[in-house]
Each structure stands twice: as structure tokens, then as C-alpha cells.
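*Asks:* The lines below spell out each chain.
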Amino acid sequence: MKPAPFAYERPRDLDAALSMLAASNGSAKIIAGGQSLGPMLNLRLVQPELIIDISGLTELKRADVSGGELVLGALVTHADIEDGRTADVTRGAMRAVAANIAYRAVRNRGTIGGSLSHADPAADWISALAALGARMTLRSCAGARTMTIEAFVVGALESALQAGEIVESIHVPTRSASAHWGYAKSCRKTGEFAHAIGAVLIDPAAATARVVIGAIDTAPIVLTDAAGLFGGRIAADYKERFDAGIADAVLAKAGIDDVVQRHIHVGVLKRAVQEAAA
Amino acid sequence: MTTIALNVNKQAVELSAEPRTCLADFVRDKLDLTGTHLGCEHGVCGACTVLLDGVPVRSCITYAVACEGADITTIEGLDEDEVTTELRAAFTREHALQCGYCTPGMLVSARDLVLRLPDADERRIRVGLSGNLCRCTGYVGIVRAVQSVIEARRARSIAPLTNGGRTGLGPAGSGRAAADRSEPQPARQSPVPARESIAPGSIADFTPATVLDQGFTLAHPPAKVFAMFDDVAGIAACLPGVSLTSPPRPERVEGLIRVRLGPIAASFEGAARVERDPATLSGRIVGIGTDQRSHSATQGEIRYCLLPLEGGAATAVELSIGYTLTGTLAQVGRPGLVRDLARRLVADFAANLDRHMSGVPSGPKTSAELSVWSIVSDVLRARIARVLGRRSGAG
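Chains A and B are the protein sequences, given in the same order.
Plus 42 on top of the position in the first sequence (first one is 1) and you've got the numbering used here.
Plus 1128 on top of the position in the second sequence (first one is 1) and you've got the numbering used here.
To be clear, the hints were calculated from the coordinates, so they are not data collected in a lab.
Just to be clear, a hint being listed does not mean it is correct.
Below, simulated DSS-like cross-link-like pairs (lysine-lysine); rule was C-alpha separation at most 30 angstroms, straight line [to be verified]:
1) A:K71 - B:K1158
2) B:K1138 - A:K44
3) A:K281 - A:K312
4) A:K44 - B:K1158
5) A:K295 - A:K231
6) A:K44 - A:K71
Given these sequences and hints, build the entire structure.
*Replies:* If you want it as C-alpha cells, here you go:
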């Protein structure tokens, strides 16, 4: 349970980190809090020649509200969000998600950017932030680009990150005063990776709904216009109008053949809807 | 190998280690701080939980090199911590451990809950401890212990930690490396400052973890014995394993005590102060010492009181020996063995004292280390005596 030997660099700034990453030709791995990479290194599932530790880079520790959105540096930890050390534009939604990620000792080091980069389908942020309509900025020596969370997550542990690119920041839009939020997950043991995730952002006043069905062993199902799950329109009575049969069909179409699995996912999604309506 | 400089239990440490060395292996293998336990080694079981810049982290998936400049507190560093002290008492009371493997990590996590969540109910405590696995207790005693400490502190209106105990953003322990480390510094292999010099007057009173009462009699009048007790050098010569390193003064006696218990040997170097009260023919010696080899430290106190026997012709010396041991040697959780060791040391001391006062030169064994063989033969002799006694009782 010890990692294979690796070289270690602690770049002094983001540019230095990007240069090291570019020069490594794919033999290097970025580490921040190491709460996903650490176990994989220890299990020798990953054996990089070089570890580039970005955990000290102050450029990636920002949390500012500007232009109606919260910009979080990639190094902001789950505990930073849980404790409210970062501004909250989601009216408690992100704090509640953060507070239920793994365990406190993990949240004290695990970062939002690291969790997204790892792109584990069972992790919380890829589902929660997709439902909240967040975007992220990726940076390499060549420059920066911005994309939605749903575009970023390509598959299980597969992201849109290209060689030489790292997650720089996450942009979370302000949750409107009329938008309801619901988030539910099923874990066989508290704190472990979820077996099903449901995340909903429903605004009856604006008649809009974003729904995410996550932890399905691949990129989450993100329904940016989810009216179809609620009888075709979003109104104040959306809880009663939630159609489990449609949700089941969506899952079946996404390739989930196991009826029991679909049942769990639908049940968890229903809980998220109920929480939003509560 | 990389040179890693960080602070462990408030001591600056600079050691070389491979980048792949996790923080748990670093403190265990290089600093002998083996209270940090490794269970799963991939972040699930929580046995390795330590404090990094004041907050709990997994030391099995945190690499030591990533903690450059940071403050690490292991379970050994929480000996004097107020909350941990309360938790230890509660864990004992509620039978919150059996084998103890999970306990160091459990205490670190429980301490964090106590500090952050003053309103936690049983459910929140269970969720809060879900990252620390225990395979002995079924958690009932652990949850009760933590709950009782939270409730006791709530009753005392102690406010929770603000901001979760953190000020900046980012991973705990990150960003503490010196901004520009010009070139790699030469590796130094001295984990503990070469010699913790004990400042004069710093021999503080303490509450001993263990107190042993012993006594012996001397065929000399109390006044003579009390005068003898004022001769620090003479007394030191009678104490098995003790040697002085500088001329003694009552307020400061510097010396060395060699102790051996079976294969365990320690040499505590330190200082003591001596107090006496002629009115009551009593006194005490308070001392502190460290054993460099095992990174162990001890505080000790000997209280004595002299009572006249046989109309003042002889003296009963009543001793109360108190001590607290920390570090590797504190893991010898066998107070019975230590009590037995103390009993034999005191018997030797009494015999030496008697010879010294009677003007008989000390025998060769007097200031020798106690060997395992003498313990074995003593035990055998005691057993034979018991068997013979039983026989004679039966017959």
C-alpha cells in the first residue's frame, strides 16, 4: 500500500506549474489535496513519474463574487464551502452538498477542482454543479477556455481536460430567489461514494427545471429543460406532477438495463424533488 | 530523497524522506510517533487521522513532502489538550474501545466534532464519526462518550470553534512552504532538538498519572534519617541507577536515571528540585527527564514522610512515588510490572541507605542497572517461598 516512487515538484506559481505539466509529456500528474489521487497512488493504480503539487498556489485559492456569479479557485476545499469561508450564491445549496462529501478529514484537504478533474461519476460536485448550471475555466500554457460542467465530464474518470491543461476556476451562477433546490444521494455507508444521486434546481415562477441523475457509472444525465419529467410544464405543483415512469424511461434510454438500479435512481431523484418542494 | 521541514507536536523537524512517504509513515518511522495507526492506507478507515494545521486529515493519503512548513499534531501531541483529556476520560468510562487500534484517529475526529458542533445529537455524532471505523465496540460506547463531552461543554456554555478552525482557503497544511527555498538544504537526521535544556525554575508541579505507595524501615532515629535526606549526593548514590551530572543544589539537581524492565531500557536525563519541611520531617523531590533514544519523557515526584518507631530509635519511611510517562515508553501499559519494579527499586534504596548510614560501604550492585536476571530470580524465589508457605499451611 505504498506508492511507486515518484519525483515531486512544488511550482511557485500557476505559470510554472503549467510549464512543468507541458514539459512532462503526460508523465506527470497534478496533485492538490490528493484525496482522490492519494488512494490511487497508494494502490499503485496510478504510477506517474512526476507529481506536481499545486496545493500552495494562492492564485487558485480565490473565492469572489463578480457579475452575478461566484468564482471559486480550483483549490477551494469542501470544508471551505461547508464552513462558509467562501461566499454562497446558492442560498445554502453548495454548503449542504459540501458538508456531506466523504468525511471531515477528507473535506479538509479535498478540493472542488480536484474532485471535478477526477471526474468520478459517483462524486458530488459533477452532479450538483451541473444542476446549478455552473461552468469551469481550464487553463494551459496556450490559454484558457470555459465550458459547462456537463460538457466537461465525458465519462467515468474521463474529462475534457487535455494534456497540459488544469482546472483553474469554477463559476457558479446566483440561485434566483424563486428557485427551489433539492439534492439526494444513496450511500450504503455514510460518506462513501454514492450509488445514486438526484439533483434538481426548479424555478416554478420562471417555469424552468434543471435535473441531474448522477452516479450512474458514467457522465451524469443532465436535463437542462426537465419539464418532461413533470407532465410537460413546471408550476407550483411540480412535486405532484413528477412522473416516475418518465424518469425510469430516461434511465433505460441512457443504457441502464438493471431494473433495480433504475428503481434506486428514480427513488433518489424523487427524494430530491420532494426536498426541493419542502 | 527530499528534505522536509515541518513541525510535529510543536517541535521543528527537518528530515529527509522520499516524496512518496506519507505523513503517517513519516511520523511513525522517522519520529517514533507510533500512536498514529495505519489501517486501510487509502483514506477509508480513519485510523491515521491527525491534525494538520489544527484540523483533522488522513495522514495515509497526505504525503509528508506536501506538508512542508505545516504544523502536525499527532495523538502524542494531544496529551495535555483539554478536550482530548475530557474525551479520554469519557472513552474510559463508556468502554469506548477494546483493542484500541482505531482510538487515536477516533479521538482526533471526536475532538473536532466536540469543538465544531456544540449542538450535535446522537445522529450527527454518528455521521461525524462515520469516517472512523471501529470493529470492536459497535460504536455505542464511542458515541456515548463523545455525546457526554459535548453535553458537558454545552452545560459549561463553551462556544464552538469559529470558522471550523481555519482562516485561509485551500487544502489544510498547504501553502506553508517557505516562498523561495533557494537550494535543497543538507539533510539533518536529528528529529528531536539535540538536548532539550530545561530552564532553571521550570520544574513544574504536576498531577501524576500513576501513584505508588511504598515504605520501609530504618534502624536509625528520624532526625538522623531526615538529616541524611538532606545530603542529595548521598541519597543519589543510594538510589539504584541514579547518577548526578553536576554538583547538586536543593533547587536544582541534574542527573541521570537508568531504568530497565526486562528488555526495555531507558536512561532519563533531567533535573529535579528538593523541598523539605523539618517541622513534619517530610519532603518531596519533583523531577523531569527525557530519554533521547525512545523519545520518551517523564515527570516524577517522590514524597516522603518520616515517622518514629520503637520510641524514636527507628524510622518508618513512607514514600509516595508519582509519575507520568509520555512517548514510546508510555505504551508499556503494564502498571503492575512498573509497580513491581518500583517496589524492588525502593527495597534496594532502603538497603543502600541503611548501609550508608551504618557506615558500611555500598555493595557492587548498588548503583548498577537492574537486570532481567535479577527480576527472574526474584520472581522464582518469591514463587518457591509461596509454594513452601502453602505446603506448611496445609501441613
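*Asks:* Could you run down the list of hints and mark each one as holding or not?
*Replies:* Comparing the hints with the structure gives:
1. Between the alpha carbons of A:K71 and B:K1158 the distance comes to roughly 27 angstroms, so the proposed pair stays at or under 30 angstroms and holds.
2. Between B:K1138 and A:K44 the alpha-carbon distance is near 27 angstroms, which keeps this suggested pair within the 30 angstroms criterion.
3. Distance check on the hinted pair: A:K281 and A:K312 sit about 9 angstroms apart at the alpha-carbon level, within 30 angstroms; holds.
4. For the given pair, A:K44 sits about 16 angstroms from B:K1158 by alpha-carbon distance, which is consistent with the 30 angstroms threshold.
5. Of the pairs offered as hints, the one joining A:K295 and A:K231 holds, with about 29 angstroms between alpha carbons and a cut-off of 30 angstroms not exceeded.
6. Taking the CA atoms of A:K44 and A:K71, the gap is near 17 angstroms; set against the 30 angstroms cutoff, the hint holds.
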